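Residue numbers (the numbering used here), protein chains in the order written: chain D, 1 to 176; chain X, 1001 to 1092.
Be careful, since some hints might not be right.
What the hints assert, rightly or not - Residues from chain D shown here face chain X by an in silico Cβ test under 8 Å; the list is partial:
1) A21
2) Y55
3) R65
4) F118
5) Y173
Unchecked claim - Ranges between beta-carbon positions, derived for each pair:
6) D:F118 / X:V1075: 20 to 30 Å
7) D:N27 / X:R1011: 39 to 49 Å
8) X:L1018 / D:M104: 34 to 44 Å
9) D:A71 / X:V1079: 30 to 40 Å
10) X:Y1064 / D:M104: 37 to 47 Å
11) X:L1067 / D:F22: 26 to 36 Å
12) X:R1068 / D:T108: 32 to 42 Å
13) D:T108 / X:W1038: 22 to 32 Å
14) D:L30 / X:A1085: 17 to 27 Å
15) X:A1091 / D:A71: 41 to 51 Å
In case anyone wonders, no lab produced these hints; they're calculated from the structure.
What you are looking at is a predicted structure, and each value in this text was computed from that prediction instead of being measured.
Just so you know, even glycine gets a beta-carbon here, dropped at the ideal spot from N, CA and C.
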Amino acid sequence: MIWIFIYAELLVFGILFLAYAFARARNVALFNESQLHLNRTAGAVNTLVLITSSYFVVRAVAAIRADRTRACARWLLAAVAMAGIFVVVKLGEYAAASAHGITMSTNTFFMFYWAMTFFHFMHVLLGMVILLAVWWKARHGAYSAAEHTGVETGASYWHMVDMVWIILFPLVYVMH
Amino acid sequence: MNDKSAMLNLRPCTITWLVLVGLTLAVLAIGRLGLGGWGIVALLLASTFVKTWLVAENFMGLRYSALRWRIIIAVYLLVVLSGIALAWWVAG
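Bound-form chain X, shown alone (with noise of 0.2 Å):
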């Protein structure tokens, strides 16, 4: 998918790992505290969204590949990230 003739811009890559340790340890943190409840579940849920998405765009490269592989992992995240959302909810 990707054009494997373009060299690679290291910095967005290196700007996505420093963000992905940095959400982790929040990760932890919150984990640690035993912080939970609706707004913490929604915190937690768009963290892992943000850090799947980055890894995907910029790890994986999907940004600069075509519109709809773009989407399906768009698509596929909201889906998964959605239905727990919707479980926690169901759960009360």
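In isolation and in its complexed conformation, chain D is listed as follows (with noise of 0.2 Å):
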């Protein structure tokens, strides 16, 4: 069930990558000028940090299905830990944007750039939520070897996010 889940949301980051691409096609200028005022640097931690979170959550499930339960809740905290960089950054860099008066109103591209990043920060925070409460039933005993789903659920959707950061950060960040 999960995974079809993951596909209808891939899909519809899809959809919105080649709206960014196409719509840019009609405004180059636009585009590649709004672009300088992103923080690569911010974007590229931001990717480092989701990377990172990533391969938490794949020692978490590797410790689970060693049994190792305590070790698999410590792993699932760190990539929340990581998860937390990535709001203080983002929220950093809503706030800077903000200050210079850019919103989703500026131009095309800075809508694009606000919706997108902001859907997919939506799905960070709901990863982060789902991650806890992987963590909480991991600290009570709840997952074992023999059945662990939940803990390779909550992983494989917050690959998912990983993997469509992995995507926008070229595409908004760097690409012109």
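Assembly of the complex is requested from the two constituent chains, each provided in isolation within its own frame, with the hints serving as guidance.
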């Protein structure tokens, strides 16, 4: 069931990516100029943070498959902490953009920037809630090597969130 | 989709993480140098394909799944990334 949800989410983001790319084709100069206002370092830091968080989730899955419940909980908490860094960096970016008067209505580029990154941001928040719920259950011994569907499901969702950002970062922050 | 009883081999996952970090730093370098043009766009799209495929195969565990699930992801990535390439080509 989670895979149908994941594929549906990927489809929505895929349509957004293509809409961005073809909207850019109609106004290359505006998109290239607007892109210069983005903080590429912050985008790259958030990419590193998300891929590391995803790796920690992989370690959590490996731990529970080996029946190491406490290690699983620790890796999940580390993954959530990395997600927390993503949230702080992204909120900093949003605050800086707002301080410069950059909103969704500034131009077409920023309409896409806010829509795509905020939509993804909401998925990060949902992913954090899911990982925290899985962490809580893992901490209380709800999972084992024999039964850990919840950990696998939460992990798959989190990797999807990571995968989307891996496409979004070069597309919106770097390619011109 | 995965065999949940299987022990996870961490080595390919750790290598994947290192490759993802390396490619991300390369993308950042390209961004900070302000490099553009067709060659760079092709490089960025190819690196994005590699990164997302590695996440799907090794982190999500699709390599242990039925072929149809892997094909869906591969087709998705090819359609989206080719579409983006087409849009850049249209833009000239």
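Here is what the structure says about each hint:
1. Below 8 Å, beta-carbon pairs count as interface contacts, and A21 of chain D has one with chain X at about 3 Å; its hint therefore holds.
2. Taking 8 Å as the C-beta cut-off, the interface hint given for Y55 of chain D holds, the closest approach to chain X being about 4 Å.
3. At a threshold of 8 Å, the smallest CB-CB gap from R65 of chain D to chain X is about 5 Å, leaving the interface hint in force.
4. A cut of 8 Å between beta carbons decides the hint on F118 of chain D: the least distance to chain X is about 20 Å, and the hint is violated.
5. This hint holds: Y173 of chain D has a C-beta 6 Å from the nearest C-beta of chain X, less than the 8 Å allowed.
6. F118 of chain D and V1075 of chain X have their C-beta atoms about 28 Å apart, which keeps the hinted 20 to 30 Å range intact.
7. The beta-carbon spacing between N27 of chain D and R1011 of chain X, approximately 46 Å, falls within the hinted interval of 39 to 49 Å.
8. Distance hint check: the CB atoms of L1018 of chain X and M104 of chain D are about 37 Å apart, consistent with the given range 34 to 44 Å.
9. Restraint check, A71 of chain D to V1079 of chain X: a C-beta distance of roughly 39 Å satisfies the suggested window 30 to 40 Å.
10. The beta-carbon spacing between Y1064 of chain X and M104 of chain D, approximately 42 Å, falls within the hinted interval of 37 to 47 Å.
11. Checked against the hint of 26 to 36 Å, the C-beta distance between L1067 of chain X and F22 of chain D comes to roughly 32 Å, which is consistent with it.
12. In this structure the supplied range 32 to 42 Å holds for R1068 of chain X paired with T108 of chain D, their Cβ-Cβ distance being about 38 Å.
13. At roughly 23 Å, the beta carbons of T108 of chain D and W1038 of chain X sit within the given window of 22 to 32 Å.
14. Checked against the given bound of 17 to 27 Å, the beta carbons of L30 of chain D and A1085 of chain X, roughly 21 Å apart, stay inside it.
15. Between A1091 of chain X and A71 of chain D the beta carbon distance is about 49 Å. The supplied range of 41 to 51 Å therefore holds.
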